[in-house]
Structure formats: structure tokens, C-alpha cells
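2 protein chains.
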Amino acid sequence: MTGADLLCDTLLVNGIDVCFANPGTSEMAFVAALDRKPQMRCILGLFEGVVTGAADGYGRMTGRPAATLLHTGPGLANGLANLHNAKRARTPLVNIVGDHASYHLKYNAPLTSDIDSLARPMSDWVGRARGPAEVGATAEAMIVAARTTPGVATMILPADAAWGDTSHAAARKIDVPKMRAVDDQQVAAVAEALRRHPGRIGMVLGGEAALAGGIELAARAAAATGARLFSEVLPARVSRGRHLPNVERIPYPPDLARAVLKDIDLLVLCGTDEPVAFFAYPGKPSRIAPEHCEVMTLAAKGDDKLQALRTLAEFIGAKAIVSPRDAAPVGGLPSGTLTEDAIAVIVAQLLPENTILAEEALTSAQRLYALGASSAPHEYMMVTGGAIGIGPPLATGAAVACPERKVINLQADGSGMYTLQALWTQARERLDVLTIVCSNRAYAILKREMANLGVDKIGQNASRMIDIDDPALDWVSLAKGMGVEAARAATCEQLADLVRGGIARQGPFLIEAVL
Amino acid sequence: MTGADLLCDTLLVNGIDVCFANPGTSEMAFVAALDRKPQMRCILGLFEGVVTGAADGYGRMTGRPAATLLHTGPGLANGLANLHNAKRARTPLVNIVGDHASYHLKYNAPLTSDIDSLARPMSDWVGRARGPAEVGATAEAMIVAARTTPGVATMILPADAAWGDTSHAAARKIDVPKMRAVDDQQVAAVAEALRRHPGRIGMVLGGEAALAGGIELAARAAAATGARLFSEVLPARVSRGRHLPNVERIPYPPDLARAVLKDIDLLVLCGTDEPVAFFAYPGKPSRIAPEHCEVMTLAAKGDDKLQALRTLAEFIGAKAIVSPRDAAPVGGLPSGTLTEDAIAVIVAQLLPENTILAEEALTSAQRLYALGASSAPHEYMMVTGGAIGIGPPLATGAAVACPERKVINLQADGSGMYTLQALWTQARERLDVLTIVCSNRAYAILKREMANLGVDKIGQNASRMIDIDDPALDWVSLAKGMGVEAARAATCEQLADLVRGGIARQGPFLIEAVL
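Going down the list, the protein sequences come from chains A and B. Each residue of the first sequence is one higher than the one before, counting from 1 in my numbering. Each residue of the second sequence is one higher than the one before, counting from 516 in my numbering.
Result set (DSBU-like, lysine-lysine): computed pairs, CA atoms no more than 30 Å apart in a straight line: (1) K37(A) x K972(B); (2) K301(A) x K621(B); (3) K816(B) x K688(B); (4) K480(A) x K962(B); (5) K284(A) x K552(B); (6) K799(B) x K37(A); (7) K621(B) x K447(A); (8) K552(B) x K457(A); (9) K447(A) x K552(B); (10) K262(A) x K284(A); (11) K262(A) x K621(B); (12) K106(A) x K816(B); (13) K621(B) x K284(A); (14) K37(A) x K962(B); (15) K106(A) x K777(B); (16) K106(A) x K962(B); (17) K106(A) x K799(B); (18) K995(B) x K447(A); (19) K480(A) x K995(B); (20) K777(B) x K799(B).
Hints are computed from structural coordinates only; laboratory data are not their basis.
Work the whole structure out from these sequences, hints included.
Structure follows, in C-alpha cells:
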């Protein structure tokens, strides 16, 4: 058995049976090993940003890691932006990167690079199997790191470690340590603080605390203390819908975020860090919580958030299940010329139960999250790390994870161009993804950011870097080029019809919503 | 004046007046500064791999750096693969990466990452302006590094350094140190060695030594000593054509490379490192030169190669200009069903004088380089670092650098998908690029590599990672989606007609050559 076989077996015996991949020559031993393991589902992305973003989507939906397979330093580099999003989403992910055979490195062949240095910033853990004898232990450490952080664990696999002999070794199922339980003292301190600030409390939910079970627990404490529930600014995943208590999203623009939080005296963090401004602006603070606001951690990111919330509810005597308030209905379908807001309303109205929404349309879909309080039950996922190009891969991975659910990728055109190759994987794997491209033909967010910087007039050079209307991208052709059927909508009626059709069919479909 | 203005002025006064860019919020002060400098040509790429690859193409053709502008860690990450190629090509390039305002970093906002760690592996120099007061000196050091290495110099520009005040400072024109002259003793030692191995010598030419002037000088020494002239395995740029002495390319497959070099007793390096196997294979050596072969350096990569070649020719008394041998004509145009070889012959036959050939079709265009010995004069550029996805951006940058020349990008489909967004930039800038996609619908090179590993049967999982025929990519639609006209050729006659048409027209055009 080769090192590559041992690695595959270790993955499989530990329940990791999906591998998103774009291998190269140095990974051929691993590919040969995968060929001997039909239990492993291998899914090709035609660019590594698709591979890592899909693994992120898979991990966000299942809570279990998928594997990736990337080709040396440049292949890893191409996947780093979406690994950054996965790391920020705390997605469990095992990221396998091939390297030259160890003895070949000193020759500095053209593809040689410092993979460790590249991997570290976007990984929670990095390890290297220096030979076949180290493959088993390194793989096990990688899996433990991915599952317990949880986060991105990168294993560098030199070609000779992959093709070398490991017949003495056997794949082992690993006991993954449980999440750290939050001790009673910490919970009691939070309970005590909650009593001090009735009606002026925010609870920020991340990780499992932002999923249905966590939201229900948090809502009990919130109801008892007059707290508001918030998600992170760009949440990895939040359960949404009229069946659940509402979790407000902290707005992305820092001024708006500060306005939303201005009456909060106590911010309780459950599975998140303190929310801060996404970017700094001259003369404005980096924090978004009010200066006087006390910030307390109920559960850190790696802690057992549900246990902490359960104990908290107990300590403050908030045991009753909270019914969601009657959410205002989304309202009727809009008509006439398509607007950004109309896209959000149409999607919120029509999305079927159990939809997974991968949203990467910050400027176009501003109201979609809020409207979700009145929609059918769904899961909402965003670009956690601000590295654009996550939407199409995220939808791809979510569809692999949940083949029985409809996935809708509401996607900006500028960011969509970063990883449009994901459409091909959706076509190949017959994934049930409906992509709606909000085609405003600009990096619209940057126009606002210029204004935030005090620039009121955009000249020739700036416009050449912000507008993408010359030539206009034709998303119907782009989709067709990758084997995905597509159509264009310019009115609300056309969009609603196409969304209905896209939901009714099985398999990938793309709608270009022209603004 | 802001730090960003000072940086722009420093670039401009030092002759850097093209900026390939994909900025984000943290670079808005830089964008605002560019808006005040109409002398700077700003060219948007819809993905950072396009940005850095285009800067590489520009630098390879002009010998002068273009600037890039990238958005924090993930933006840099997306550009790293082609920065790797640029570094391996020794292309002068100034790579500017925005970062959060320095005081914002400690808040670990979602887009924060260790940019220095990401930049180092693919940069020859990395610097950070820790505030506006450091912008001038950092920019100057960056330019010196880019021009003297030559290579990739990365400057990290925090937002507060960009928007901060630098009105006390002024942009300075910098004296760039000359290339190191090779001393007479080193040249004399090579001359002496050349006399010891008549007829069993290889000279490997890189950098300026592989361009017309260098080749003519090297050919004199070669004629006098019976040496053969070689390019690197994947050269950055070689001048080719029937007007020049032939420079053989060392083959990419190590076994073939070893066969070509087997009778070489002395390898003289001029502007290159010793060529080695691109990858290691079990039981095969990493070197490709014969074991007994002596390897000497006439000029290192940063040395003055032309001076060294001139002195060498003098020392061995080889002063006469060498006429190129009569190269065998390419031969008539092929007919019938399209084959890989036919594509190479058609391009070699039809390419007009002064063409720039950006070739990233390793398996399909194998004979194209060799055929170039008999073609009209042209420049040949390849994927130096093995990071795929360089072809379309390289062609883009070369076309910006040389608007009066036809650029032909002979492109594999698998690698082309990595940076297909370059087509949009070609359309927007009306660049005279003819793209020919060799559509074999597979990572064909990996099939050979599986065989090299001793795997003779490719099963389901391996095939799912190597074949890209399901669904077939439709390059005509993909090009149309990005505003580039395109057509498909399935026979030699169709391809020849379309190539003639593509050459005759101005502006971008794409041909899908279906194999």
C-alpha cells in the first residue's frame, strides 16, 4: 500500500468520502489511489477557487469536512481566497496539497515554492508528511484539527510520501475530542450581566448557535431579558424563515451597524468574536459596538455553544419555547422594470421550503436577509471572509452535501466572474442549483466606498476600474459555454416566471437578472 | 498630497505608466489618486490572475515593469499563481497590494490576513509602508528591486498609508544600478572549457541572451566550438524565426530531455540555472544533464548576459556574424480532420512577421516551437513556472505592450479555463489578440503523467479528474459571453481560413480548434 492509499483510507474510515479536486502531476499517485477507492466521490473543479469554495459549502451544510486535492504552491494559491472564507466561517475542511518529491526540492525546479508559507495565513493547522512513514500520523492530526477547531487543516503531501510504501501501516478511526463545555461560572457571569441591562442587550450568534436549534435556545434567553438576537455581519450560515425567531443581521456598512447597535449596553457573544467594522475609514472607529458597551463571551468559537445556551436559559429561568412573532408577510410580487429590491422580494417570496441560499450580492440583495424572516424555512450563507467569488462554489458544495434540497445562488456579476467555472461542475454533477446573477455591470460596492472616502466625482481612471459595462458580460452565453442552461430577465414578471421554472426543474439553471 | 499620490507619482516619474488592477475598498485612496493621474493607463482584469499575468506579459515584452494593484490577502492570493510564473520568468513587475489601515489590523476584521507570508514565496522582494512617511522610500526600493533582480517586487500599502498626508515629500527619479558585468576571469574559464569539449557542448540561453541580439552573439561562440544552443525547458521569451540561428528547446518530458542532452559533456549557462526535471519520478534522477556533464555559469540571471557573450566571442576569436542555416520550410498546409500537429503547422505557416506567440498548449503544440525555426520572425513565450492559466493574461499584457504587433495565444482548454476572464480585458481594451484554443477536452498531460507513474488503466475516479468532456466546454459561447467574437474549426481547412481571418482583422478573436 502506498502513502496515498493510506491517506485515502484514513479519510474514508473517518467519514470523509467527498474529495473536491484539481490535481496535477505531483498528485498522480494520490489520483491513482483514489481510483482504487470507489467509495470516495471525486468532484473536479476547473479552477482551485471552485474546489476550496465547494468544500466550504459542503462543510457548512454537513458540519463534516470534505477533502480537497490541490496541485503544489500555485494550485494552493488559487484556492486560498476561498480557504480564507472557509477559515473565517470555521468550516471543517481537510485541504491536501501535493508537493514535489522531497529529494527534488533542492533542485528548485520551476514549480517549486514555499507551500508552508502560502498555506499558513489561510489555515488553522498546517502539517507536512516528510515521507511515507509520516502520512498516517499527519493525516490523523489533520482530521483532528479540522474537526476540533473547527477549521481549515492543510496537509502537504510530497510526491514521494504519496508513492512510497506504507504496507506496515493501517488506517485508523480517530476519536475526535468533544467541543469544550463552557463552565457554569462563565455562564453565571453572563446571566448576571443580562439581568443588569434589561432591554439593552444584543446576543451575537455564530456557528451552531445561529442554526435552528441554537436560535431556539437563544430566543428563550432573549425573551426573558429583552435581548435582541444578531447574526454576524457576514454569517457562515443562519437558519431563517417564519418558523423561527428572527435573528437580525448586523449591517455591513459600519455607520449603519453603529446605528443598529447604538442602544446596546451589553453584547453577548456566542460562537463569534466581537463584530467590528469590515474596513477602516478615515476618522471613524474600528469598533461598531458603542464605546460604553460591555462585551462578554458566553461561548467562544470552538466551545459547545448549545450547551452554553441551554445552561444560560436554565440559569435565568427561561425555559419556555418561544414562538416566532408573526412576521410581516413578504408582500406581493413586484412588477415592471427589475430593481435590486425587486430581485430580493421575488426570491424571498418564491423560495421553496428547505432552500439553501448562497448569497453573494451585497449591494443587490440588501433586503433579502431581512425578508427571510417571513419566508419559507431556509438556510442563509454569505461571503464570510470578504474574499469575493465564494457564491457559485459555495452553492456547488452545498448541493453536493444536500442533493434533496434546492440551492439558490443569488450572485453579483462582479464577484461571480471570479469563479464562474463552478457552473461547469454544477453541469457535470447535475447539481440542483439555481443561479440568479444580479447583473448591474459594476463593482457597485466600490462606488459607495469611493463616496465613503469623500470622493464625490468618479473620473476616467476610477471608472475604468469600477464599471464593468464595456463590454457587457453576457451571462447566458457564459453559462451555455459551461453546459448550464440559462435565460435572461429584464422585468419582474420575467424574473418571477424564470425563478418558478428554475425551482420546478431539477439540475442547474442560470438566470441573468439585468438591472 | 496623499501617500497614494506620492506612490503614483513615483511610479510615473520612473517610467511605470501602466497599471493592471482589480482594486477593492482598502485601495480606494489609490484609485482616487490614479483618477488624478491621466498619464497612468489603468487596465482592469475581472480576476487577479489576469492582472498579474498581464503585467508579466507586459514586462516580458518591454523589459520594464508594469504596476499591479491588488486587494488585500485574498486579492493577492488570486494573483499568486501568475506572479509565480513572472518570478520564474525574471519579469520586472511592481506588485502593489492594499491592506487594512494599520491601526485596524488588531481588530482582526474578516478580511485580515498575513499578506507578508502570502507574498514572500512568489516575490523577489517584499516591503510594507507602515505609514505615509514610508511610502516614498518603500516605493523607490520596490522599483529598484523589480528592475535590478529583475523580478517581482511586492509593496504592501495599508489604507492609512495611502490616504495619509505626504505633502512634505516629492516623487524622485531613481538611478537603477546597472546589471553586474561578468569579469574576464569567469569568461576566460568558460572559453577554456569550450576548447576542451569541441562538438559536445550545450549553451543554455535565458533572459536577454535568448533574444535576437543575445542569440546572434551566442551563435558566434557556438559556431566556433561546435556548441548547440538551447533555450530553457519553459522559456520566458525566445526570439524565433528563419532570420535567426536556431535555439533548440530542451524537451519538457525528462526522458526526452535526457536523450537530447546525452552527448553533452559541457553545459554553459547564460542567464539561467541548470535545467532540471520539471517533476521527479520514482527511480529517475532529478537532473537531466548527463552525470558526467560539467556545468559552468557564463552569466547568472542578474548578470549582463550580452556583455558576457560579447567577451566570450572575443576570447575565442569568434567574431564573424553567423548566418542562420537554411531552415527546412514548415511544409504545406495540412488538410482534413484537425490534429494537434496540424494546429502547430498551420500556426507556424501563417503567423505574420513580428508576431508575439503566447503558447500554453504543452500537449497540443509540441512541435510549434521547433517549427518556429522556419517561420517568420516572432517571439515565443511560455508558462515559465508551470502555474497554468498564464496564456490568456500573458497575451493580454503583451498586446498592451506592443499594440502594433499581432499576438497569438495558442492555448490548451484546461489551462485556459483558469483565466478565461482575460478575454473580457482584451475586448474592453480592443487588444489585437488571436486566441486559438486547442480543445482536446482533457487534462491530456495528466494522462501521460499517469503512464509515467506506471498506471496503465485509468478508472472511474481518475477519469473524473482528468477528462473534461462532460459537458464539453463551448469556447465560442464563453468568448461571446465576454464580448469577444469567436468561431469553431473542426478541419484543417476551417482552421487555416479562420487563422487567416483572425490575423487580417484588428482586435480580439477566438478560434476553438476542436480535436
